[in-house]
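Undergrad: Take a look at the letters that make up each chain.
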Amino acid sequence: MSDASPVVTPAIQITGVTHVFRGKGRELAVLDNVSLDLPTGGFVSLVGPSGCGKSTLLRILAGLLAPDQGSAAVAGVSTLLRPGLVSYMPQKDLLLPWRRALANATLGAEVGGAPPAQARARAAALFERFGLAGFERSWPAQLSGGMRQRLALLRTFLISRPVLLLDEPFGALDAITRREMHTWLQQVLRDDERPGEAVRSVLFVTHDIEEALLLSDRVVVMSPRPGRVVAEVSVAFARPRSASLVVSAEFVALKATLLAALERR
Amino acid sequence: MRGTSAQAAHWALRSARELTPAGLLLATLVGLWELWVRLNGTQPYILPAPTRIWDAFLQTRGTLPDHIVTTMSEAMLGLAIAAGAGILLAAAIAVSPLLRRILYPVLVLSQNIPLVVMAPLLIVWLGFGMAPKIVIVALIGVFPICISTSEGLLGADREMIDLVRGMGGRTWATLRYVRIPAAVPAFFGGLKIASAYAVLGAVIGEWVGASSGLGIFITRAQASFRVDRVFVAVIIVALISIALFAAVQLAARLASPWLYIRQNDE
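Residue numbers (my numbering), protein chains in the order written: chain U, 156 to 420; chain W, 1345 to 1610.
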């Protein structure tokens, strides 16, 4: 982790992205000159009120939407209208109801052209670590909310891209399950050794400040619509971080800083 | 999987229990019918008693199978063609807005041509064989199948399509992984409607002119005032229709198992 890397190209580079949604004589400015860098191997969270354009920014990075202005690049390659360069997990789990759990997990690999047998073997090996062992043949409708999210995450992990975009992956979960998922996600990322492949970088969208502080190296605060970057806070706690960190004085102080940034706008 | 035979037994028991009231009603009505005919001495060419219809069935047992095979073949072949054509038309409608504008009105128009007018014309064009009947069944069936399937293809979840696009999938991948599976239940919905009318369509075609089939069997029975035989044929038509519908229902279940998950599995 700490040895000097010669690579200077950031994992994600967003420069001056501005976007306006237009429809039926109405204009809705969602992003206003947003710039953001994410170093390779880093974990950066985007926090902001609902509707501040966080999800739109991820859709732009995922190549699903072209912004009016600005550029977005992954490892130096522009992603504008070029889907497939990142592993993107949308806000809903979006499991396909007609595929069993294992087949849902391999979807990304199959779309990417991997041989199904090989994709299944790789996915099956990860079911245990994602707390889904024994549920390979279940239909999505038979899984609990936490399991559905883990399965959606597993599907995202199996898309072998160096950049993960996670859009409120735990937003729909209850507080207890969410806390479990935080510990678990850190563990999974730590164990995520993929021989011969670049270390993963994560851009994580949330509206939960605690979650952002607990998981990230850096937290970026966005303003209400149209979204602008209003503050950036480095989070230097040693890893692995435990859930009890949230009651430490340093943590509370950082939380206060972020809350103030959110209030200030 | 676990307890499949127990599950099947449970299912059989439940459907038997569900069908019992209807069966009782039917048996009562048939009994009253028999009584009515016997007490009033109704002539068999006006209304034959159920027992007489059963006798007529036993008498015609030798010739009936050929007619049944003809009618069933027409219905099933017509349905298969309707399914194939319906899927192709639905795909065309789903893929291209231009084709949608061209095909939709023509399809709706085709449903407004009365069959009674079409049937004799088709016999003039295609002869007395099975061909015109197959065409009639297909014409009836293609409409619900095409409309239903195209709506399934077009109505697929936008976000799921975006998910596959985000993975680098193009049009074909979105069809294969999202649109087509999403349209499977809709396709079977259309096929069920088509199957309910398929046997009827074949019989109407045969009625106008044929050498074999339950329709011509009915025409001949009527011409010789054998109303009991007409009833035999009508009952058989109904039974074939029900069997065809049940077969489609079963196929739908097998093709979309995720829609039939037992609730207590959760």
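Note that these hints are calculated values from the structure, not bench results.
A virtual CB, placed ideally from N, CA and C, is assigned to each residue, including glycine.
You may find that some hints are simply not true.
Simulated restraints on C-beta separations [stated by the list, open to error]:
| id | chain 1 | residue 1 | chain 2 | residue 2 | range |
| --- | --- | --- | --- | --- | --- |
| 1 | W | 1587 | U | 235 | 52 to 60 Å |
| 2 | W | 1439 | U | 391 | 50 to 58 Å |
| 3 | W | 1440 | U | 300 | 33 to 41 Å |
| 4 | U | 180 | W | 1359 | 23 to 31 Å |
| 5 | W | 1501 | U | 182 | 24 to 32 Å |
| 6 | U | 272 | W | 1450 | 56 to 64 Å |
Over 10 Å on every C-beta distance to chain W, these chain U residues come out as not near it, computed from the model [claimed, not checked]:
| id | residue |
| --- | --- |
| 7 | 214 |
| 8 | 254 |
| 9 | 327 |
Going by beta-carbon spacing under 8 Å, a handful of chain U positions derived as facing chain W [what the hints assert, rightly or not]:
| id | residue |
| --- | --- |
| 10 | 217 |
| 11 | 253 |
| 12 | 388 |
Undergrad: For each hint, tell me whether it holds in the structure or not.
TA: Hint check results:
1. 1587/W - 235/U: 52 to 60 Å: The hinted range 52 to 60 Å holds for residue 1587/W and residue 235/U, with Cβ atoms some 57 Å apart.
2. 1439/W - 391/U: 50 to 58 Å: 54 Å, holds
3. 1440/W - 300/U: 33 to 41 Å: 39 Å, holds
4. 180/U - 1359/W: 23 to 31 Å: 57 Å, violated
5. 1501/W - 182/U: 24 to 32 Å: Holds - the Cβ-Cβ distance for residue 1501/W and residue 182/U, about 27 Å, lies within 24 to 32 Å.
6. 272/U - 1450/W: 56 to 64 Å: The hinted range 56 to 64 Å is violated for residue 272/U and residue 1450/W, with Cβ atoms some 45 Å apart.
7. 214: Check fails; 8 Å does not lie beyond 10 Å.
8. 254: Violated, since 8 Å does not exceed 10 Å.
9. 327: 14 Å, holds
10. 217: Holds, about 5 Å.
11. 253: 4 Å, holds
12. 388: 29 Å, violated
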